[in-house]
Amino acid sequence: MANNSILVVGGGFAGITAALEAAEVGYDVTIVETNPYLGGRVAQLNQYFPKLCPPSCGLEIQFQRIKNNPRVRFYTMAEVASVSGGPGAYEVKIKQRPRHVNERCTACGECEKAAKTTVPNEFEFGLCQRKAVYKTHGFAFPFRYVLDPAGVPAEELEAIQAACPYEAIDLAEGEKVFDLTVGSIVYATGWKPYDLKNLDNLGSGKLKNVVSNMQMERLASPSGPTNGQILRPSDHKAPKRIAFVQCAGSRDQNHLNYCSYICCMASLKHVAYIRKNNPDAKVVIYYIDLRTPGRYDKFKKRILADEHLSLVKGKVAKIVEDKHKNPVVTVENAVTGIKSDETFDLVVLATGMQPTMAGQKVPASVLDEDGFVLGAEDKGVVAAGCAKSPLDVMKTAQSGTGAALKAIQNVVGR
Amino acid sequence: MAEKLGVYICGGCEIGKALDLAGLAEHVKNSKVAPLCKVIKTNPVLCSPEGVAEIEADIKAEGLDGVVVCACSPRVKWDIFRFGDKIQVERVNLREQCVWSFQDDAKVPGLLTLMAQDYVRMGVTRLSKAAIPAPEIPETSKTLMVLGGGFTGMTAALNAAALNRDVILVEKGDKLGGKALNMYKTFPLAAPYDKAQDTGIEKMVAAVSGNPKIKVLLNSTLESLEGAPGLFKATIAGSVYDVGAAILATGWVPGEAKHLEPFGYGTMKNVVTSAQFEEMAKSGKIVRPSDGKPAASVAFVLDMDLALKDVSYDAAAACEPPAPLAGDAPAEGEEKPFVYEQTESAKHLAISSEISSLVALKQAGYVAELNAGAVAMVLYDHMMVPGINEKYYKAAQDNASIMLTKAVVTGVTESGDGSLTVAAKDTLIGDSIELVADLVVLPTAVVPVTAYEPTMNFVYRQGPHFPDLKLFDGFVDSNYICFPYETRRTGVYAAGCAHQPMTMANARDDAAGAVLKAVQCIESINRGVAVHPRSGDLSFPVFNFVRCTQCKRCTEECPFGALDDDEKGTPKPNYTRCRRCGTCMGACPERVIKFDSYNVDQIGSTIKEVQVPDDMVKGGPRVIVLVCENDAYPALDMAAFRGKSWSPYVRFIPVRCLGSVNAIWVADAMSKGVDGVMLLGCKYGDDYQCHFVKGSELCSRRKENIAESLKRLGVEAERVEQYEVAIDEYDQIPGLIEKFMTEVITKFGPNPFKGY
Chain A
1 MANNSILVVG
11 GGFAGITAAL
21 EAAEVGYDVT
31 IVETNPYLGG
41 RVAQLNQYFP
51 KLCPPSCGLE
61 IQFQRIKNNP
71 RVRFYTMAEV
81 ASVSGGPGAY
91 EVKIKQRPRH
101 VNERCTACGE
111 CEKAAKTTVP
121 NEFEFGLCQR
131 KAVYKTHGFA
141 FPFRYVLDPA
151 GVPAEELEAI
161 QAACPYEAID
171 LAEGEKVFDL
181 TVGSIVYATG
191 WKPYDLKNLD
201 NLGSGKLKNV
211 VSNMQMERLA
221 SPSGPTNGQI
231 LRPSDHKAPK
241 RIAFVQCAGS
251 RDQNHLNYCS
261 YICCMASLKH
271 VAYIRKNNPD
281 AKVVIYYIDL
291 RTPGRYDKFK
301 KRILADEHLS
311 LVKGKVAKIV
321 EDKHKNPVVT
331 VENAVTGIKS
341 DETFDLVVLA
351 TGMQPTMAGQ
361 KVPASVLDED
371 GFVLGAEDKG
381 VVAAGCAKSP
391 LDVMKTAQSG
401 TGAALKAIQN
411 VVGR
Chain B
1 MAEKLGVYIC
11 GGCEIGKALD
21 LAGLAEHVKN
31 SKVAPLCKVI
41 KTNPVLCSPE
51 GVAEIEADIK
61 AEGLDGVVVC
71 ACSPRVKWDI
81 FRFGDKIQVE
91 RVNLREQCVW
101 SFQDDAKVPG
111 LLTLMAQDYV
121 RMGVTRLSKA
131 AIPAPEIPET
141 SKTLMVLGGG
151 FTGMTAALNA
161 AALNRDVILV
171 EKGDKLGGKA
181 LNMYKTFPLA
191 APYDKAQDTG
201 IEKMVAAVSG
211 NPKIKVLLNS
221 TLESLEGAPG
231 LFKATIAGSV
241 YDVGAAILAT
251 GWVPGEAKHL
261 EPFGYGTMKN
271 VVTSAQFEEM
281 AKSGKIVRPS
291 DGKPAASVAF
301 VLDMDLALKD
311 VSYDAAAACE
321 PPAPLAGDAP
331 AEGEEKPFVY
341 EQTESAKHLA
351 ISSEISSLVA
361 LKQAGYVAEL
371 NAGAVAMVLY
381 DHMMVPGINE
391 KYYKAAQDNA
401 SIMLTKAVVT
411 GVTESGDGSL
421 TVAAKDTLIG
431 DSIELVADLV
441 VLPTAVVPVT
451 AYEPTMNFVY
461 RQGPHFPDLK
471 LFDGFVDSNY
481 ICFPYETRRT
491 GVYAAGCAHQ
501 PMTMANARDD
511 AAGAVLKAVQ
521 CIESINRGVA
531 VHPRSGDLSF
541 PVFNFVRCTQ
551 CKRCTEECPF
561 GALDDDEKGT
571 PKPNYTRCRR
581 CGTCMGACPE
591 RVIKFDSYNV
601 DQIGSTIKEV
611 QVPDDMVKGG
621 PRVIVLVCEN
631 DAYPALDMAA
641 FRGKSWSPYV
651 RFIPVRCLGS
661 VNAIWVADAM
671 SKGVDGVMLL
681 GCKYGDDYQC
691 HFVKGSELCS
701 RRKENIAESL
711 KRLGVEAERV
721 EQYEVAIDEY
731 DQIPGLIEKF
741 MTEVITKFGP
751 NPFKGY
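Chains as they are written, first to last, in our numbering: chain A, 1 to 414; chain B, 1 to 756.
Keep in mind that the hints were calculated from the coordinates and are not lab data. Glycine included, each C-beta is placed from N, C-alpha and C at the ideal position. There may be inaccurate statements among the hints.
[Claimed, not checked] With a cut-off of at most 25 Å between alpha-carbon atoms, the simulated PhoX-like pairs for lysine-lysine come out as follows:
| no. | chain 1 | residue 1 | chain 2 | residue 2 |
| --- | --- | --- | --- | --- |
| 1 | A | 301 | B | 703 |
| 2 | A | 276 | B | 683 |
| 3 | B | 142 | A | 298 |
| 4 | B | 213 | A | 379 |
| 5 | A | 301 | B | 213 |
| 6 | A | 51 | B | 552 |
| 7 | A | 116 | B | 644 |
| 8 | A | 298 | B | 258 |
| 9 | A | 113 | A | 176 |
| 10 | A | 315 | B | 394 |
| 11 | A | 301 | B | 618 |
| 12 | A | 192 | B | 394 |
| 13 | A | 282 | A | 192 |
| 14 | B | 470 | A | 298 |
| 15 | B | 618 | B | 107 |
| 16 | B | 394 | A | 318 |
| 17 | B | 17 | A | 113 |
| 18 | A | 339 | B | 425 |
| 19 | B | 175 | B | 195 |
| 20 | B | 644 | A | 113 |
[To be verified] With the Cβ distance kept under 10 Å, some of the chain B side facing chain A (calculated, not the full set):
| no. | residue |
| --- | --- |
| 21 | 13 |
| 22 | 26 |
| 23 | 30 |
[As the list claims (entries may be wrong)] Rough simulated footprint, nothing fancy, chain B against chain A, three-plus residues with beta-carbon under 8 Å:
| no. | region |
| --- | --- |
| 24 | 135-145 |
| 25 | 219-232 |
Model the full assembly from the supplied sequences, consistent with the hints where possible.
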């Protein structure tokens, strides 16, 4: 039977936008998100360029819109298992992993006090540990704990359960599978930071004081592992000499065969973070081209006026660490031709975006060679945001809004 | 008005441990708000299914029309405490704002109890002064008007028609197609992004012309747009059309030639712009204008440093000084005629860098294609091809007839035969080089039409144009990163190069997005609800004109230009332009404006529920904190979650926006003996974070007037302070409160009006 509801796969900025924009026209929308929270990558950012404003501000508006709109339903920790049927009547099977914390949770935090086992914190990109039962982050939506029982002793799980005053811990909860019928599907599955392990010459992610740009976001965030102090991981000292290595993986046919759009602006933004945190730190950006399109030019001019910032056109060939765990960067200046080894306290790799779906199968659609979702707009399968191509947040919002229209066009009149 | 209230006090999350719940309930029963409260109960865990069931049973049995939930923040358990459209709910934040953030002061006993008592009575009072809004739904037009018949406008029109909407497409010229008509090819629009392609514009023109849902008006401009979203009257070429919402896709014009003079443009015949070069390619011949000979070498200069030397990036210089608030200065007879300030500058060359780079790569490809054996040279500072278009750059790098280098171009000179020499430094092929070329091609800056003219020609009291376009260099852009379609004029959504400089691939998505927003605006009006950022809000400002003194504050301050006025200056509201921020309500000195669910009396009465001890030394001071509910309130919640605490003498009152804060509230607080008022709102200035654009800024300017009034009464102006608090500045809030309490309260002592 024809159906005029819309499935949005992915609850990051593109997905939330597509869902809300369609729902506010009057369509029923279901968001399926794999994380325990909505907001995606944006939730992990400290500030947006070029305004240096907090993403939680925009997310707060989006979450209010979801709260106030009964047409939007969402499932966290859920994924699309299969799609059958066709345009106007896609039969979708959704799998939802157990959260082990039910709707009685008040986020009071008693369970966390009873938990002992710790594992690397995924939300903080391993910069700190989290407990087995945890809140992903301060502004998490839905605002509810998650219990990850993997590797946690039975007695600890029982203690966690016993600590909850509200019977919110459900250790027996299993995976749920359920079916949806929808008219259109929006793929807003977003991106993941390119895996540092693949970058052998840049330390394979093993050098303590070489962090990714997304880790930098967490280091600068007031809710991050250092409460917003930019400190180097090895000794928690404020770095005085910092290098940014642009195109770490991007614009490289051995890694990501495209430009990741945001990294140049992100590194310039990080210079602003550093300047606020650490007024005297010296910063070098190693780049191929500084890509600051459109009106971002103004932000570039502002950051480049910083006298402690220097730019070197050149691709970094190698990073190793010295005995003090200081990263040593080997680089050839493309203009002067001079090769040199430079020692820093901290190196930030401007790692690129890889589409989340790269290497996976996407029901009812196909991927291009890089893993971007191509969609099939005539069949009501629409790709949005960074699932489709690398974009910044503003263009992601445009893409999500446009995708909502395409999804509606396919169900209108059905 | 809610008159039969149920008050429920939760004991969960340490509230029950910290407070005597029964005592708190008893306090409400014996207070002046008791007659409003039909039910007053405590519950160990109110958000449990049992707790909610109890409330639901009472609503049924007692006929409650309002529920005061004294538990946690309204930002959590929002889905649990919801009892249908007829029951109003007020949340009293005992958990985050009382118990979790409580900082005791040994000098005064029982502070937590006093605080909880205040908050519960304040919540009851606030709800008792609220009513469920019942908006009238106007008869709307569902027609979309698209301005501009180029690629973006036609894409928008076709998208709208595919939704079965009627479209009026307005084109200034005598045919559809816009800039794309003059293009030989465009850079890639789809995967694999490696080849220039046909624009497809002719097909699109045919599709638009043959579409029965689209009415095309050629040789036409929008002469005026009167009314409001859903109800617009558009005058186009002398005829009036009913229009629901509009898409602004008037595109761009080339930047002024004078900026290119440092590169020899205008004096050297063989220096052309990319727009001129494109026309040559379209005609099939790439020749030197000086002698008509085929160009054997073409240099594309992308580094624009020479043109940008004197460009100012000073944000302050770019922005208009704020107009004085109405009532600040006496009216000066005749109003000045409107002059649109144009915003075109050399800066548009820099802003157009992405388009310029892609165009240069595309046109470099034309060179060998059209002139066999000819070579192209591209001189760039930063090859501005972000994202997927890197693939197109790669394809150009693989093209043997194209030489690309980073370069800082220092000058162009002409020799006797008309050929040109481009001098450059800091290149990848040498420190200082000179390249000889038959033709030099300079970028064409993308300047939005709106940089030159108001375009929309709104018949609005605040003028025919979009405000703030200087901030966006003439583009009809949004200052919100998250909400790129939002401007200060409801119901008009920009797309394509009127919106931002963008490629055709981007414009295609952008046009679809703008159509969605336009349709959504009309549908929202048909449901009687507001659009962004209070989307879904049923409330709207109600005017009691009897009291209006025609002071014009509301009409001038509305950030969205929602209010027009008549000859006498009486405001004429346009509800479908309104975003429900309450700035008008905050501006009005006569309490003319109210919302059913939010009004001056309501907040004033809530303030008066704060118990102020007569003796500050014995009972402690009291400070009212008016908190923007959008960002500052969540920041307070977060601070409490992070274990922060603050003075037990402050009382928080959430407001829609600091723009809605009426000076009367400050007067109410002061006359009650409150020792200070803090205003917590969003950042303002060029990078404002105010959800209603101007609210926090207007509040800061009104605050100066409030300060004057206080001084006249002999009260220190510093007792009222505004603070800019972003949503992520939660760790700084306790410090702000601490500073205010020590600097203001300790320095000035008790409010002199205390006890009166």
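Checked hints:
{"no.": "1", "hint": "301(A) - 703(B)", "in the structure": "violated (34 Å)"}
{"no.": "2", "hint": "276(A) - 683(B)", "in the structure": "holds (17 Å)"}
{"no.": "3", "hint": "142(B) - 298(A)", "in the structure": "violated (39 Å)"}
{"no.": "4", "hint": "213(B) - 379(A)", "in the structure": "holds (23 Å)"}
{"no.": "5", "hint": "301(A) - 213(B)", "in the structure": "violated (47 Å)"}
{"no.": "6", "hint": "51(A) - 552(B)", "in the structure": "violated (33 Å)"}
{"no.": "7", "hint": "116(A) - 644(B)", "in the structure": "holds (24 Å)"}
{"no.": "8", "hint": "298(A) - 258(B)", "in the structure": "holds (22 Å)"}
{"no.": "9", "hint": "113(A) - 176(A)", "in the structure": "violated (28 Å)"}
{"no.": "10", "hint": "315(A) - 394(B)", "in the structure": "holds (16 Å)"}
{"no.": "11", "hint": "301(A) - 618(B)", "in the structure": "violated (56 Å)"}
{"no.": "12", "hint": "192(A) - 394(B)", "in the structure": "holds (24 Å)"}
{"no.": "13", "hint": "282(A) - 192(A)", "in the structure": "violated (29 Å)"}
{"no.": "14", "hint": "470(B) - 298(A)", "in the structure": "holds (13 Å)"}
{"no.": "15", "hint": "618(B) - 107(B)", "in the structure": "holds (8 Å)"}
{"no.": "16", "hint": "394(B) - 318(A)", "in the structure": "holds (24 Å)"}
{"no.": "17", "hint": "17(B) - 113(A)", "in the structure": "holds (18 Å)"}
{"no.": "18", "hint": "339(A) - 425(B)", "in the structure": "holds (20 Å)"}
{"no.": "19", "hint": "175(B) - 195(B)", "in the structure": "violated (28 Å)"}
{"no.": "20", "hint": "644(B) - 113(A)", "in the structure": "holds (18 Å)"}
{"no.": "21", "hint": "13", "in the structure": "holds (5 Å)"}
{"no.": "22", "hint": "26", "in the structure": "violated (25 Å)"}
{"no.": "23", "hint": "30", "in the structure": "violated (30 Å)"}
{"no.": "24", "hint": "135-145", "in the structure": "holds (count 3)"}
{"no.": "25", "hint": "219-232", "in the structure": "holds (count 5)"}
Violated hints for the displayed structure, listed by number in ascending order: 1, 3, 5, 6, 9, 11, 13, 19, 22 and 23.
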